[in-house]
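Student: Here's the letter readout for the chains.
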Amino acid sequence: MDFLDILAIITTATLYTSAPLVFTALGGVFSERSGVVNIALEGLMLFGAFIGIVSTLLLENKFGEITPWLALLFAAVGSGIFASLHALASITFKADQTVSGVAINFMALGISVFAIKKIFDGKGQTDFIQNRIDKIDIPVLSDIPIIGDLFFQSVPLTSYIAIVLAFIVWFIIFKTPFGLRLRAVGEHPAAADTMGINVIKMRYTAVIISGMLAGIGGAVYAISISGNFSSVTIAGQGFLALAAMIFGKWHPLGTLAAAMFFGFAQALGITGAYIPIVKDLPSAFLTMLPYVLTILALTGFVGRAEAPKALGIPYEKGKR
Amino acid sequence: MKKTGLFLSLVLATSTFLGACGTTKETGEKDTAEKKENKFKVGMVTDTGGVDDKSFNQSAWEGMQRLGKEEGLEEGKGYKYLQSNSDSEYVPNLTTFAEGGYNLTYGIGFLLADHVGTVAKQYPNQQFAIVDSVVEGDNVTSITFKEHQGSFLVGVLAALNTKTNKVGFIGGVKSDLISKFEVGFRAGVKSVNPKVEIISQYADSFVDTAKGTSIASAMYGQKVDIIYHAAGNVGNGVFTEAKNRAKKGEKVWVIGVDRDQHNEGMPENVTLTSMVKRVDNAVFEVSKKALDGTLKGGEIVEFGLEEKGVGIAPTTSNLQEGQVDKVKEYEEKILSGEIKVPSSEKEYTEFEKTLK
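Protein chains in written order, with the working numbering: chain A, 580 to 899; chain B, 46 to 401.
Hints in this document: simulated from the structure, not taken from any laboratory.
Heads up, none of these hints are tricks.
Simulated pairs of lysine to aspartate or glutamate, EDC-like, Cα-Cα distance not exceeding 16 Å:
no., chain 1, residue 1, chain 2, residue 2
1, B, LYS292, A, ASP716
2, A, LYS702, B, ASP97
3, B, LYS268, A, ASP584
4, A, LYS697, B, ASP97
5, B, LYS292, A, GLU644
6, A, LYS696, B, ASP97
7, A, LYS696, B, ASP132
8, B, LYS268, A, ASP581
Here are some chain A residues pointing at chain B (derived, C-beta under 8 Å):
no., residue
9, ASP584
10, LYS702
11, GLY703
12, LYS714
13, SER805
14, THR850
15, ALA852
16, TYR853
17, THR866
Ideal Cβ positions, reconstructed from N, Cα and C, are used throughout, including at glycine.
Given these sequences and hints, build the entire structure.
Tutor: Here it is, written out as C-alpha cells:
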C-alpha cells in the first residue's frame, strides 16, 4: 500500500467513526453551557440507538431507503423526551445532576433491553437492519484528485452533517441572543434572572436539545456502524463524547476537533499495522496510541479547561 | 463500577440466602431422590439472549429436544429450560433446577460460568454442566470446543474462494482461546494454497463495533477479499463494512463465527460461510452420558470434529460446487490423523514446516 492509500484509510475512518461522537458531544455542549451536567449522554445515546434501530426494523418494509433518515428523526424526538426526565429531576426537583445522569444511563439500558425482548419475542438483540446509512462517494467532489480520495470517498453523509452542525451550533451559541442567554444562565443564573431571562425554561430547552442531539448520535452509530441493537451497542461512546466536550473546552468547534481527534488516533492505531517500520513495533504500542495522544494533548496543548461557572448547581431563586 | 458492585453484593446476598435453604433441606431431598430413581430430569438455564437467540441457547435447546424425542422424555417434566431475563436471574434459575431434583443442569454460555460454580458447590449430589467455558468442581462438566479444527475448515474455504490471494483474520482480544481460531484458520488456508497471504489484526475489544469497521476497511482496502472474524460484536462492524462495499459493487466476503451468520450478511449477502459450534450435539451427548449414569463430572469435555462439535455452517449457498466435498475431504484427513490441526502459535510453527 502506498502512502496515499494509508492516508485515505485514516481520513475516511476518522470521518466515519467520529460522527456519532460529534453529534453527542455537541448535545453535551448545549446542556453544560446552560449549567446542567450531562453525564446522561451515554444513556441518551443508547436510547437513540435503540429507537433508531427499532423504528428502522419496523418501518423499512414501508419506506425503504429513506427509513434510516426517518429513524434519526424518531431517535431525536425519543431521546429528547427521555432527556426531559433528566431535566425534571435536576432542574425542577434540584436533584444532584450527576446522580440523575447516572440514573438515566441505567434506565436507558434497562428500558431498551426490556423493550427489545417484548417487541422481538424474547430476543436479547435485534436483527440486522436492511437499509443503512451507507458510506458513499460524493458525486463530483470525489473526483477531485487526492482531496477527493481523502475526504469525499466512502464516507456516510451523516459525517458531513455532523461537521456542518458543529458550525451551526457555534453560531447559535456565540452569535444569537438565544446563545447569549444560554451562556448567561450557565455562568451566572441569578444575574440572568434579574435581566428577565427565564432560567428554568432555558435550562429545560438546553437539556432537551442535548437529548435530541445525543439521540441522533446514538442512532447514527447504530444505523451506520453496528447495524443492529443489543445491550453492548453503545458501550462507552457517550462517555467518550463527554470527554471530547471537555477536551474541546465546551466550545462547539473545539468539541468537533476533539471528537475528530479521538477518531483519528484510533484510525492511526489501526492502520499502523500497515505502515513500514511502525508495523514492526509491538501491537500494544499501537493500541495505546490513541490514549497516549489524548493524554499528551490534554496535558500539553489545550491548557486548563474551564467549565461554565454555574455547572452542576441547581438554580434557586433568591439564593445568593 | 457502581453497577458491578451492586450486582456482586446482590449475588452474594442471594447465594448465601439460598445456600442456607439448601443445607436445611438436603436430608429430606435425598430421600425423595432415591424413591424416584428412574425419573431422569435435565434442565438448562439460558443466558440473557433467550431460548430463540439463533445461537448457543437455541442450539442447546434443540439438543435437548432431540434427547427428549429419542429417550422418551416429556417436555416440562423430563427436560425443561428456564429463561434468564437479566444477570440477576442466573442463580435463582440454576437453584430452581437443583432444588427440583434435576439430575443435570446446564448453564449455557460463559456468562453463567461463575454462577454454575457457586450453585454446584451448594448441591454436591447433583450434576451441572457449563457450555463454552471451564468451571472447576467435582460435579461440573465443562463443555468446550476444538475451535481450531472448525477454523481450519473455514480456512480451507477461504483459500479456495479468494481471488486476490489475500485473506484476513480479525480477533477480539488476544488470548489462548482466540489464538486457536487464528492458527487453525491459518493452517487451513496454507494447507490448500501456501501462496495465500494472511493478515491478522486484533481489535483489543469484543464490543467496539466502530473499530471493527475500521480494521475491516483497512484490510479490504489492501485487497483482502475474505475476512474471518472471531471478535463478538466487533464482528458486526466487519459485516457492516463488507455490506457497504458489496453495495458499491466490490466482491468481498465475511466468514462468520460460533453460529451460522448467514442472516447477518443479508441483504447484500456477504457471508461466505461460518465456523459453527454444535452446542446441540454437545448437550445431547453429555445428557446421554448422564442418563446412562456414566457422567463423572469434574471433567472438561472437548468437542471436536470427531464428536461433531464443530464444523461449517449448514447454509452453503455461497460456496462453489464441489467445495463442500473438498471440506469433507479435509475433515476425513483430520479425523484419520493425517492432518494434525495446530491449536497454538507454537504448534503452528511446527505445522508450517510440514507444509513445505
